[in-house]
Amino acid sequence: MGVFVRWLQRTFGMAKKTCPVEQECLELLRLMLDEQATEEESKYVHEHIDKCYRCYENYDLENTIREAVKNKVKNLKVPPELVTEIKNKIDL
Amino acid sequence: MGKAKNGYSDLEKRDIFNNEFMVHIDALYNFAFKLTLDEDEAKDLLQDTCMKAFRFIDSFEKGTNAKAWLFRILKNNFINDYRKKSKTPGMVDYQEVETYYNSEDGESPVEITTDLRSETIKGMLGDEITNALNSMDVDFRTVIILCDLEGFKYEEMAKILDIPIGTVRSRLHRARNILKEKLATYAASMGYK
Ligand SMILES: [Zn+2]
Chain A
1 MGVFVRWLQR TFGMAKKTCP VEQECLELLR LMLDEQATEE ESKYVHEHID KCYRCYENYD
61 LENTIREAVK NKVKNLKVPP ELVTEIKNKI DL
Chain B
1001 MGKAKNGYSD LEKRDIFNNE FMVHIDALYN FAFKLTLDED EAKDLLQDTC MKAFRFIDSF
1061 EKGTNAKAWL FRILKNNFIN DYRKKSKTPG MVDYQEVETY YNSEDGESPV EITTDLRSET
1121 IKGMLGDEIT NALNSMDVDF RTVIILCDLE GFKYEEMAKI LDIPIGTVRS RLHRARNILK
1181 EKLATYAASM GYK
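The listed protein sequences derive, respectively, from chains A and B.
Numbered per the working numbering, the first sequence spans residues 1 to 92.
Numbered per the working numbering, the second sequence spans residues 1001 to 1193.
Just so you know, the hints here were simulated from the structure itself, not pulled from any lab data.
Please note that the accuracy of each hint is not assured.
[Stated by the list, open to error] With a straight-line cut-off of 25 Å between C-alpha atoms, the simulated BS3-like cross-links for lysine-lysine are:
id: 1; chain 1: B; residue 1: Lys1182; chain 2: A; residue 2: Lys17
id: 2; chain 1: B; residue 1: Lys1043; chain 2: A; residue 2: Lys74
id: 3; chain 1: A; residue 1: Lys17; chain 2: B; residue 2: Lys1052
id: 4; chain 1: A; residue 1: Lys70; chain 2: B; residue 2: Lys1052
id: 5; chain 1: A; residue 1: Lys51; chain 2: B; residue 2: Lys1153
id: 6; chain 1: B; residue 1: Lys1159; chain 2: A; residue 2: Lys89
id: 7; chain 1: A; residue 1: Lys70; chain 2: B; residue 2: Lys1182
id: 8; chain 1: A; residue 1: Lys70; chain 2: B; residue 2: Lys1153
id: 9; chain 1: A; residue 1: Lys72; chain 2: B; residue 2: Lys1180
id: 10; chain 1: B; residue 1: Lys1052; chain 2: B; residue 2: Lys1005
Please take these sequences and the hints and turn them into a complete structure.
What follows is the structure, given as structure tokens:
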């Protein structure tokens, strides 16, 4: 989707061009990635990033940061002795 | 905290605690650690949270969203008892922070000028991402944790944090801008390109 447009934009140096709706689009695409956007909002974002390289880049970066936070930030397991202590205190 | 309305028997209380609460114990511990950034404080915070959850178990409606209910207790505990002594950089009041960022037409504080590329993020180590997240003000860090790590929806976050959904949305938006900025600064300082 939009590969040709993106190639054109990249090739002819249009990638750095600003987008007049960049901030609105960023907000909407974040909603979309959070699965909180309406169907209409998602449709708008998809159609827009298909032809706007600037916002496509934002989308890609947002998605990557989210995945990095989700997958690379270490998750800890509660120490078993703490669970025992808690259960003892509550008298379970 | 809600009113005690259910009047569970001791057996029911144990059943709820063991079957509905304990499944979230790792997530709660993680949340406690990511708020306090200190292992001992995280342990105390978790323990306090569990004691409170058990004490007020009658105000929990069996079979409802236990995870959000527990996260809310933990977050309130943190604000009341840990925040003051916490060594984290985030000592600023919610309201103060919001006013500060809202003063600039409600837009993000600064335009991100650093060219952060997704390839750079992909090359970063877990510790580097974690450091960027931990260096954020605790209020902003919290919304990222709840949304991205724990997968809560805005509505649940609003209940956990006692703020309107609109505020969840705008705080998250700002938090994402700040995180991106931190990552960009970090990448630049490390010579990533
Ligand atoms: Zn655009």
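* Asked: Which earlier hints can't be squared with this structure?
  -> 3, 4, 5, 6
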